[in-house]
Amino acid sequence: DGGITQSPKYLFRKEGQNVTLSCEQNLNHDAMYWYRQDPGQGLRLIYYSQIVNDFQKGDIAEGYSVSREKKESFPLTVTSAQKNPTAFYLCASSPRDSWSEQYFGPGTRLTVT
Amino acid sequence: SQQGEEDPQALSIQEGENATMNCSYKTSINNLQWYRQNSGRGLVHLILIRSNEREKHSGRLRVTLDTSKKSSSLLITASRAADTASYFCATDDRGSNYKLTFGKGTLLTVNP
Numbered sequence: 001d002g003g004i005t006q007s008p009k010y011l012f013r014k015e016g017q018n019v020t021l022s023c024e025q026n027l028n029h030d031a032m033y034w035y036r037q038d039p040g041q042g043l044r045l046i047y048y049s050q051i052v053n054d055f056q057k058g059d060i061a062e063g064y065s066v067s068r069e070k071k072e073s074f075p076l077t078v079t080s081a082q083k084n085p086t087a088f089y090l091c092a093s094s095p096r097d098s099w100s101e102q103y104f105g106p107g108t109r110l111t112v113t
Numbered sequence: 114s115q116q117g118e119e120d121p122q123a124l125s126i127q128e129g130e131n132a133t134m135n136c137s138y139k140t141s142i143n144n145l146q147w148y149r150q151n152s153g154r155g156l157v158h159l160i161l162i163r164s165n166e167r168e169k170h171s172g173r174l175r176v177t178l179d180t181s182k183k184s185s186s187l188l189i190t191a192s193r194a195a196d197t198a199s200y201f202c203a204t205d206d207r208g209s210n211y212k213l214t215f216g217k218g219t220l221l222t223v224n225p
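In order, the protein sequence lines correspond to chains U and A. Heads up: the first sequence at position 111 corresponds to 111 in my numbering, and the numbers run straight through without jumps. Heads up: the second sequence at position 5 corresponds to 118 in my numbering, and the numbers run straight through without jumps.
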């Protein structure tokens, strides 16, 4: 899992509540990413950020929001607008000169009931 | 649709045997990577092969890439029970910007 930490490992929320997932990296990587993984599926990109104070939507950004105020941190908020929020969320980072070589955190399993 | 599609979806072998997984993709790529994921954990980067490379080795791993067939294979030799995990290929598509496309993975079970 390298120098990327995600907390908490498990998160439980009631429907209708917003929840923020933490992602921190000490690899000095410029780019950071959020992916969602559903059972038996590959990863789908939610948001990514190439530099501080800038981020772009991925394939499934609806119902999610992010911020990138610091190079080391890229928190993801799952809002009440996300229809099916229960999933495994993975954060990743990569260096600017090799952006596709991404390193992943241990993940946060979010359960919304 | 998924860019990378792994085959088979599941593979069960005995310790010591070799395991081969395949990945097919649809568009032109810059490179292709293989990742391992243990149950409930994050992904671990295994190996990256560039579009101008045909074969790459790392320890017990051997990856091949055939850009004419748009396919790659991952061979794990002398498998161990600790190799039990899901294996994903991910492509860095030409023209994409900071986006990797992942397949659904192959679940490998190595029986002791």
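Don't take every hint at face value.
To be verified - Covered stretches of chain A (chain U as the covering partner; in silico rule of three or more C-beta atoms under 8 Å from a C-beta of chain U): (1) 143-149; (2) 157-164; (3) 211-225.
Just so you know, the hints here were simulated from the structure itself, not pulled from any lab data. Every residue, glycine too, gets a C-beta built ideally from N, C-alpha and C.
For a quick check of understanding: which of the numbered hints are violated here, in increasing order? none
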